[in-house]
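Number of protein chains: 2
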Amino acid sequence: MKNYHIAVVGATGAVGSEFMRVLEQRGFPVASLRPLGSSRSAGKSIRFGAESLTIEELNEHSFDKIDIAFFSAGSQVARSFVPVARQAGAVAIDNSPAFRMDPDVPLVIPEINADDVRDHRGLIANPNCTAAVALMAIYPLHRAFGVRRVIAASYQAVSGSGARAIAELKQQIEAATNNRQATPEVYPHPIAFNVLPHVGSFLPTGYTSEEEKLQNEGRKIMHLPDFKASVTCVRVPVYRAHSVAVSAEFDRPVSVEQACEVLAKAPGLELIDEPHNNRYPMPLDVAGKDNCAVGRVRRDCAFENGLSFWVSGDQLLKGAALNAVQIAELL
Amino acid sequence: MKNYHIAVVGATGAVGSEFMRVLEQRGFPVASLRPLGSSRSAGKSIRFGAESLTIEELNEHSFDKIDIAFFSAGSQVARSFVPVARQAGAVAIDNSPAFRMDPDVPLVIPEINADDVRDHRGLIANPNCTAAVALMAIYPLHRAFGVRRVIAASYQAVSGSGARAIAELKQQIEAATNNRQATPEVYPHPIAFNVLPHVGSFLPTGYTSEEEKLQNEGRKIMHLPDFKASVTCVRVPVYRAHSVAVSAEFDRPVSVEQACEVLAKAPGLELIDEPHNNRYPMPLDVAGKDNCAVGRVRRDCAFENGLSFWVSGDQLLKGAALNAVQIAELL
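Quick mapping for you: the protein sequence lines, in order, are chains A and B.
Residue numbers for the first sequence follow this note's numbering, beginning at 11 and rising by one.
Residue numbers for the second sequence follow this note's numbering, beginning at 11 and rising by one.
Hints are computed from structural coordinates only; laboratory data are not their basis.
Here the structure is a predicted model, which means the values were calculated and not measured.
There may be inaccurate statements among the hints.
Claimed, not checked - Below 25 Å or equal to it, Euclidean Cα-Cα: the simulated DMTMM-like pairs (lysine to aspartate or glutamate) are:
id, chain 1, residue 1, chain 2, residue 2
1, A, Lys12, A, Asp129
2, A, Lys180, B, Glu184
3, B, Lys75, B, Glu339
4, B, Lys299, B, Glu121
5, A, Lys275, A, Asp300
6, A, Lys275, A, Asp261
7, B, Lys238, A, Glu314
8, B, Lys180, A, Asp295
9, B, Lys275, B, Asp261
10, A, Lys299, A, Glu34
11, A, Lys275, A, Asp295
12, B, Lys238, A, Asp261
13, A, Lys12, A, Glu34
14, B, Lys75, B, Asp129
15, A, Lys180, B, Glu121
16, A, Lys238, A, Asp125
17, A, Lys238, B, Glu267
18, A, Lys238, A, Asp114
19, A, Lys238, B, Asp261
20, A, Lys299, A, Glu121
21, B, Lys180, A, Glu184
22, B, Lys238, A, Glu267
23, B, Lys12, B, Glu121
24, A, Lys54, A, Glu34
25, A, Lys299, A, Glu284
26, A, Lys54, A, Glu67
27, A, Lys54, A, Asp74
28, A, Lys238, B, Glu314
29, A, Lys180, A, Glu195
30, B, Lys275, B, Asp77
As the list claims (entries may be wrong) - Which stretches of chain B does chain A cover? Using the computed rule of at least three CB atoms under 8 Å from a CB of chain A, they are:
id, region
31, 202–215
32, 235–242
33, 250–262
34, 280–294
35, 303–309
36, 314–327
What the hints assert, rightly or not - Simulated restraints on C-beta separations:
id, chain 1, residue 1, chain 2, residue 2, range
37, A, Ala60, B, Glu195, 37 to 45 Å
38, B, Gly84, A, His286, 19 to 27 Å
39, A, Ser55, B, Thr215, 49 to 57 Å
40, A, Ser265, B, Gly59, 55 to 63 Å
Heads up, the beta-carbon is just placed ideally off N, CA and C, and yes, glycines get one too.
Given the sequences, and given the hints that come with them, work out the whole structure.
Printed below as a string of structure tokens:
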């Protein structure tokens, strides 16, 4: 079994630190691990298993002798350094939106379109976190009933905005507890005891960039060019794990029993649907777990062949680090 | 101008205390105000303007000489004492779900179906808070374009569950800040840093009682028997004001410009829709305000003649006390 030389770009971020944990937990065959960051974080040390590694500043030689490079930095860093990694012979797995819709770049959720990895040319894109969590439940239902369109609303945790947003919620909560005001910096408005219908940047359509991802990425991942998804993305004062309320219309007749059977068997997904025992997916319960959870499955009363359901998933894991490592495992 | 003898049932609750404030603020012609409560709250004093009133225990004589009785207690209290109030010659305005769907009882949002008040037989029902907030935006759009169906997801504040739920969120936040655990009592799970896809009780349809109200009450209030609404109701760690993400399909072609024109003119509603300036409705901003707010108006990408939008409203005011006092003003 070959052992791989790994680089992690953005190793100190909310997702980056999950990469280290996931690689270790899954026993990924790591020959060496090179944590990379900005000049600001270079020199800091970071833990990988029993080892303490020193973060190196990202530069033109960062990917020499690297087999797999995980990118969990922004689009700008990805655009600048993914070509460097490819040039050096590494396979880049990028968590940013920079290349996701590029027709030459596979966009992969291993439970859905693992085969697409084969066509990679040194770069595979990792999907948006909210889209990934929602698709984990939408796709198995699509296979059973043929999904036509989806209306969804999200409940997104602050960790989706990175480590600074986690600190911002904490500060605002502490300030409120002491009757003080904390000035928002990461978000344009307070997030403590509030919800913000604003995730991503606003587009001419009136949707945000985040809201259009389920449709765009869903079409590519499910190989379903006519898939429609109207989404409202909302930031909520939750630290970790995103949830999505979904109403979906299908081509074929649906039943709750069949749907639950399909969902219970779907890989990477847990069916938690005993409402009378107060059992349904919640962010507090799925945080830190590999599997996404689906529940509240019911016939949708506004769609002809429709189902409503509720999905929660740890967006740092299935929505990011875990999915990327699963992609690497396919290689 | 006649002055009215008023009773408020459930005067110490989260909604009850708003009744006192709203009656005073709107200069409602009050001749006398009688706050009523359970044996537990009887004897306590409560403020109404400059006066301090003593809460009386609800009994068979509570409504003698009362003109208007506001009920903001549960369904059980309403079923027992609304008949007593009517018998005594008072007009009851009930905030509980007990009589809302009774064909002999008008269910009224004054901005929508004020005329229905005329047919009252001593009892008028106040709508569900989430339904009321959503309908404030749906109805004017219905008048313009003819609404066919709606898919919605709610973000509901803890004050919708009463004063004890407000205390519970506060305790859980304080406990978390001090690394302690607080045992949930009002909700089946922690609400701090979590969201619960569980508002109301679960029905055989898989929806909750709360989730079916927008369709049922919307049909009655808008006089639209075929109106369909599929809703997911979710409790979020917000103290006050509910929000709803709505996708709506209409009979006639829609445009964002026309929709915004209609919404800007709608009574009781404020259009806050400048996303590029980070201006959209939020619970923190509408809390304590009479008007509901709508924004994020866009062409829905999954419905043919569809609009997506976002409504926030103070559910203790428009969703409860304010709406009830507005009904009384119609009398």
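Evaluated hints:
no., hint, in the structure
1, A:Lys12 x A:Asp129, "holds (21 Å)"
2, A:Lys180 x B:Glu184, "holds (12 Å)"
3, B:Lys75 x B:Glu339, "holds (19 Å)"
4, B:Lys299 x B:Glu121, "holds (16 Å)"
5, A:Lys275 x A:Asp300, "holds (16 Å)"
6, A:Lys275 x A:Asp261, "holds (21 Å)"
7, B:Lys238 x A:Glu314, "holds (11 Å)"
8, B:Lys180 x A:Asp295, "holds (21 Å)"
9, B:Lys275 x B:Asp261, "holds (21 Å)"
10, A:Lys299 x A:Glu34, "holds (15 Å)"
11, A:Lys275 x A:Asp295, "holds (20 Å)"
12, B:Lys238 x A:Asp261, "holds (20 Å)"
13, A:Lys12 x A:Glu34, "holds (16 Å)"
14, B:Lys75 x B:Asp129, "holds (22 Å)"
15, A:Lys180 x B:Glu121, "violated (41 Å)"
16, A:Lys238 x A:Asp125, "holds (23 Å)"
17, A:Lys238 x B:Glu267, "holds (23 Å)"
18, A:Lys238 x A:Asp114, "holds (22 Å)"
19, A:Lys238 x B:Asp261, "holds (20 Å)"
20, A:Lys299 x A:Glu121, "holds (16 Å)"
21, B:Lys180 x A:Glu184, "holds (12 Å)"
22, B:Lys238 x A:Glu267, "holds (23 Å)"
23, B:Lys12 x B:Glu121, "holds (24 Å)"
24, A:Lys54 x A:Glu34, "holds (20 Å)"
25, A:Lys299 x A:Glu284, "holds (20 Å)"
26, A:Lys54 x A:Glu67, "holds (10 Å)"
27, A:Lys54 x A:Asp74, "holds (21 Å)"
28, A:Lys238 x B:Glu314, "holds (11 Å)"
29, A:Lys180 x A:Glu195, "holds (13 Å)"
30, B:Lys275 x B:Asp77, "violated (34 Å)"
31, 202–215, "holds (count 8)"
32, 235–242, "holds (count 4)"
33, 250–262, "holds (count 3)"
34, 280–294, "holds (count 8)"
35, 303–309, "holds (count 5)"
36, 314–327, "holds (count 3)"
37, A:Ala60 x B:Glu195: 37 to 45 Å, "holds (44 Å)"
38, B:Gly84 x A:His286: 19 to 27 Å, "holds (21 Å)"
39, A:Ser55 x B:Thr215: 49 to 57 Å, "holds (55 Å)"
40, A:Ser265 x B:Gly59: 55 to 63 Å, "holds (58 Å)"
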